Amino acid sequence: MTTSTAAVGRGRGWSGPAATSFVAHVRPVGGAFEDAADALRAAATAADSYAATLEVLLSRADRLTDAAAHLTRQIDAFWRRARASLPAPRPDVALELLQSALRLRGEVDGVAHESATLRRDSLAAEDDLAVALRALSAGASQARQRMAAAAGDPLASALEKSGGRTGATLSGLVPDEAAAWWESLTADERAALLTAYPEVIGTLDGVPADARDTANRTLLDRDLADLEARERAGVLDRAGRAALANARAVRDQLEEIALTDDPWTRTPLVAQLYDYEPYAFSGDGRALVCVGDMSTADNVAINVPGLTTTVSGSLGGNVDNAVNLYREARWAAPGSTMASLAWVGYDAPSDWDSGRVALEGSARDGGAMLARDVAGFLASRGDDRPHLTVVGHSYGSTTTAHAATDVGLDVDDIVLIGSPGAGSGVNEAAQLGVGAEHVWVGSASTDYVTYLGSNGWFNSENWLGGVGLGNDPAEDDFGAQRFQAELTDRDEGVNIADHTRYYQPDSEALANMASIVTGLDADVVRADHRTDPWWRTSDEPEEDRAPTERSHR
0 MTTSTAAVGR
10 GRGWSGPAAT
20 SFVAHVRPVG
30 GAFEDAADAL
40 RAAATAADSY
50 AATLEVLLSR
60 ADRLTDAAAH
70 LTRQIDAFWR
80 RARASLPAPR
90 PDVALELLQS
100 ALRLRGEVDG
110 VAHESATLRR
120 DSLAAEDDLA
130 VALRALSAGA
140 SQARQRMAAA
150 AGDPLASALE
160 KSGGRTGATL
170 SGLVPDEAAA
180 WWESLTADER
190 AALLTAYPEV
200 IGTLDGVPAD
210 ARDTANRTLL
220 DRDLADLEAR
230 ERAGVLDRAG
240 RAALANARAV
250 RDQLEEIALT
260 DDPWTRTPLV
270 AQLYDYEPYA
280 FSGDGRALVC
290 VGDMSTADNV
300 AINVPGLTTT
310 VSGSLGGNVD
320 NAVNLYREAR
330 WAAPGSTMAS
340 LAWVGYDAPS
350 DWDSGRVALE
360 GSARDGGAML
370 ARDVAGFLAS
380 RGDDRPHLTV
390 VGHSYGSTTT
400 AHAATDVGLD
410 VDDIVLIGSP
420 GAGSGVNEAA
430 QLGVGAEHVW
440 VGSASTDYVT
450 YLGSNGWFNS
460 ENWLGGVGLG
470 NDPAEDDFGA
480 QRFQAELTDR
490 DEGVNIADHT
500 RYYQPDSEAL
510 ANMASIVTGL
520 DADVVRADHR
530 TDPWWRTSDE
540 PEEDRAPTER
550 SHR
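Residue numbers (numbering that gives the first Met the number 0): 0 to 552.
Please keep in mind that the hints were generated in silico from the structure rather than gathered at the bench. A quick note: this is a predicted structure, and the numbers were derived from the prediction, not measured. There are no misleading hints in this set.
Ranges of calculated distance between the beta carbons of each label pair, as one might list FRET restraints:
#, residue 1, residue 2, range
1, A496, E548, 14 to 22 angstroms
2, A521, P262, 21 to 29 angstroms
3, Y278, L117, 27 to 35 angstroms
4, L94, A129, 51 to 59 angstroms
C-beta atoms are modelled at their ideal positions from N, C-alpha and C, and glycine is treated no differently.
From just these sequences and the hints, can you work out the full model?
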């Protein structure tokens, strides 16, 4: 390639500074393509060899399957003869059965040996192909690095502006550094990074939401193509099946959001994939899906879910909640733009480990992740700070409280709904760091989960040795602002069904949350707190009040 480049520059009568400059700029690109071509040829040869080997292996597998089926029939026939000779077989029959048993034993050993040999040969063929593909990946990486070294390459200049980092080490930038670096890039440099390193840009705190969305959609499309191809080929393992279920759930929700209109503009809602990690948390996955444009919205709400949250199992319901809050907030403040994020971003207790809901370990870990995401988002907005609210539901309220107390949440308001407790060690709303007047609590009188929090001095944490998730934030001693959250069609008595209905359209809770996330504090309809006399169970003033339908429409 390099020789032919020189020939183009000089062999056809072109000489002088322009020709020299041309050759100097094109030669690195030519060398890069040579690197890639060598690796590609080696990978193609390995693929051809693997295909030929696979045909032989499949033929052996077919013969082995036939032999095993034939052997199974012989064994069945042997047992029929043996049972027919019972209880006292004649000596000649017994001898025949013994000889048959020994012969069958030998055939079984032979089939088992052939099966083990086939498996070993299959794995060896796969390893040979994997080595070639890794070489191809390394060759492509070398090609990219050589192209990046060529003068004027946008990827090279983008990495140079990061302080000389490689793509893999960009994740070491702290949010403020990443935000300043991204702001310094040209459009071409950003496009080159999104193409070359979507897996880094898609999760890099400090990068704007619209850019992260572009990167994560690239990864989503790649995963869907790869995992579905492996599914069709019948070679998808357990981790791959979980990742594919997560990818499909994310794809479906992005499509659903795009099919929904803004209540004022009647234009399709913006859907953003702020984070996408389908293999995270042992297959439960991590996906942050936003309704509205987080990179420009005046008001942003981050919705933190609780128990049983996984990407494939509950992303849809959490996105529905985010959509409902978005729409109600737009009715509440039509002059302001809105973004509502479904934050399926931590390893919430679910499935086999749901018992962890009685403990705070997942809430502590999740709180650290939430605080990191909030800090990264705010860094990406710079001086254009939105009104930011975190809404924690159920165990997500405990997670939110831990984020606020363990790390710190630089937000305007914190909303705790359906809370089983605000975390051990949190005795009052002021400890959450945003001022008690900006800590809001929605607790339906019929919601069983809200009675799990500790009340007064005689509570589960005291007499069960620390079991529980902290104080009930709806109690008067906690000092938060409680808002009305009753349902007009609430079930009779305390139940679990009403625990999942705080985002229900035309409900008191949703209308009040919409006022909070848009900064309309004066429009929030307050509720009286629960009280807890020391000599008996707590009083709930909301249970005797007649609920009303509520909406800003």
